[in-house]
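K.L.:
Spelled out from the first residue to the last, the chains are:
Number of protein chains: 2
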Amino acid sequence: MDICDIAAGAKKASIELAAMDSQRKNAALEAIRTSLKSHQDKIIAANTEDMAAAQMAGLSTPLLKRLKFDAAKIDEVCKGLESLIKLNDPVGKTLSAMELDNGLELYQVSCPIGVIGVIFESRPDALVQISSLCLKSGNAVLLKGGSEAAHTNKILAEIISHATAHAGMPAGWLGLLETRDDVTAMLKLDDSINLIIPRGSNAFVRHIMDNTRIPVMGHADGICHVYIDKAAAIDMAVKVTVDSKCQYAAVCNAAETLLVHQDIAAAFLPLLKVAMDEKKTELRGCEQTRRIIDCKPAIEDDWKTEYLDSILSIRVVGSLSEAIDHINHYGSGHTDAIVTEDKQAASCFLRRVDSADVFWNASTRFADGFRYGLGAEVGISTHKLHARGPVGLEGLVIYKWLLAGKGHIVDNYSGPAAKAYTHKKLDTHWTFQQ
Amino acid sequence: MDICDIAAGAKKASIELAAMDSQRKNAALEAIRTSLKSHQDKIIAANTEDMAAAQMAGLSTPLLKRLKFDAAKIDEVCKGLESLIKLNDPVGKTLSAMELDNGLELYQVSCPIGVIGVIFESRPDALVQISSLCLKSGNAVLLKGGSEAAHTNKILAEIISHATAHAGMPAGWLGLLETRDDVTAMLKLDDSINLIIPRGSNAFVRHIMDNTRIPVMGHADGICHVYIDKAAAIDMAVKVTVDSKCQYAAVCNAAETLLVHQDIAAAFLPLLKVAMDEKKTELRGCEQTRRIIDCKPAIEDDWKTEYLDSILSIRVVGSLSEAIDHINHYGSGHTDAIVTEDKQAASCFLRRVDSADVFWNASTRFADGFRYGLGAEVGISTHKLHARGPVGLEGLVIYKWLLAGKGHIVDNYSGPAAKAYTHKKLDTHWTFQQ
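Residue numbers (this note's numbering), protein chains in the order written: chain A, 1 to 434; chain Z, 1 to 434.
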């Protein structure tokens, strides 16, 4: 099928999906779970094909690990579906209610965004996660996965489409794109697609943004910082820094740069060095750092680099505000932490650091939808519109304004004899009739 | 000053503005109000210059009316400032609070977006409105107004900058752009500008979207519909249609197309025609319409046209779902109304019509920030991300995630001996220390 037809079908389906009640959506999610289980052999066979081709093509071990979709991974996504079913429906919530005048009531009610295009990496579990999050939030979705996972993605999309159609979801709510040309074409369809979520590198996200007028919910690099304030507890400072950098270095919420207040540097840095040597993490320090501990020099580029590796750059700063300025200048607006016992310093940091996630005495690695209790996440947004940080179900809805009157007209509220609006807050919730 | 410097200054100011408490922001708004009053003569003199040039250039009467900024208009914007001061601060609200584990608490707290670029039409009052909304919501703003209002805008921006600096607001929070080249340059500054709000035609908004990777909160045409259901009260149907079309035809929330259920068309249309003839409004009907009343034929293009004039296109439909399909196909996602006594029909319409504002037995003309009780509006969004419909203060904020721990690290929550998260909702609110 042509991408324009797929998108038109998704738009049509999205209208039906927006009006679907929670019970039926949950039944459809349960049908996906059952169907994945009963077609497990077929899925594994398709994945074996992808794995063989990837091995032939010489993919690296970490990439092969992400690509693999075996019984254990299928179990995991099925557990994810069970949790998702238990979450509240984000659609149909009354966000505000106000009487404009006697008998004229305005409700702001959450509703799906519509049609969402997601371009994701070579993890087949992402396909199940993203499509089920979209279904739960009433959105139609167009998916383009990594080409290495083509066979696995195809069978997964077929199973999900079939199971949900059987459970009464509108045909076409899930569309699978198979080529890069499809993606290029999708970016032009701003009449039928409401949001693009690209998961991938900074450069990739920028490329998407440069080539579409559809809103993009994207993710820049994760250049995360830990700042050790002069009033930090030194043991905690070491522990939080080690966890932020070393607990899993290859991910976006790992720290890349450590900022240390000059008054605590001499006491703190030698202890940190011992801990980091144990973790076999390379340190790159500014001049002042290297007067205290032995390490490689950090150059300007280090402050701008997401290593995604066991390397940490270190800079000694003269004040809290120098730390904040460094973060707002070099950071990527992802996650930044302060370690301090001084409440006022913490407050100043949390308020002035312009990032999605700002932490006080906690590891940057907590920045994650699951840890936040959001359920699965569709991505982490470093933009400052709509949703910020880990994006779960709530990030996949918007609202509409519902006004219910008794024949009210504006003409009665204008001119010399104008009626006044009451603008009285209401406690009532909007309920759609079935 | 160069636009890059202006934007960099605005970014710097935005960090300070984000940390500003409500009292000081309100004092600055009050300072604007006082200063506009005390410099009234200067403002009127500048505006007289703009008006003279506009008259020389042959601007139309409605445009001249919009451009005029006299004592009455100054009074009006000052009243607007008074109301704005009384509104709640949208910044610093705790949107959600959750314990992740003992002593580890996550808060979702509203904060300003950052730096907002607004391109607006030739109404000098818009400059005061937009900049004060931005100040109240803690955002820095770059403004570009219509060139016809250049002198008035310049003096207004100077007065506002001066008054607010005196009241302790950070220098550079308000930047005035003076040329089109500045706008072109601004669109490239995605490092320092977080949101563009273009106010103007559909084509203009699209042009902006095609030339920036900064998120755009825009407004498409207002192709609004009124649908008269078979279960409509006929008198109410006439009244709501007349108000929706004729109360003020030149605005985006005026109706352009009337859809009528075939079962009620013969009873309703003749009465409507009498009312519309009185209002000197031209009717253009589909074939079925013209079998019932005498009017010009409507062609395909009529369903896609925002007349902004005393013209109404009429189409008879066979069913509620045909009306919904027409609206979702030809509409612009702005405002659409159903007139009916049938609750279920209303519910179906409100749920399935994919527009920002969906009304039941009320005129489309109610779609407006002031009427909604939002205070002034910065624009009406027909996009489906972040904010939809009339956008007031709440649309100018986003949130950040604040996590406060006692040295918590992720390593304790992973591996075989992993601690479990509690994910317990909290009733507490985040408070920044002063």
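The set of hints was computed from the structure by calculation and includes no laboratory data. C-beta: ideal position from N, C-alpha, C; glycine also. Don't take every hint at face value.
A partial selection of chain A residues facing chain Z, derived with a Cβ cut-off under 7 Å [said to hold, decoys possible]:
#, residue
1, Ala-220
2, Met-236
3, Ser-310
4, Arg-351
K.L.:
Work down the list of hints and note, for each, if the structure agrees.
P.N.:
Structure-based check of all given hints:
no. : hint    : in the structure
1   : Ala-220 : 10 Å, violated
2   : Met-236 : 4 Å, holds
3   : Ser-310 : 15 Å, violated
4   : Arg-351 : 5 Å, holds
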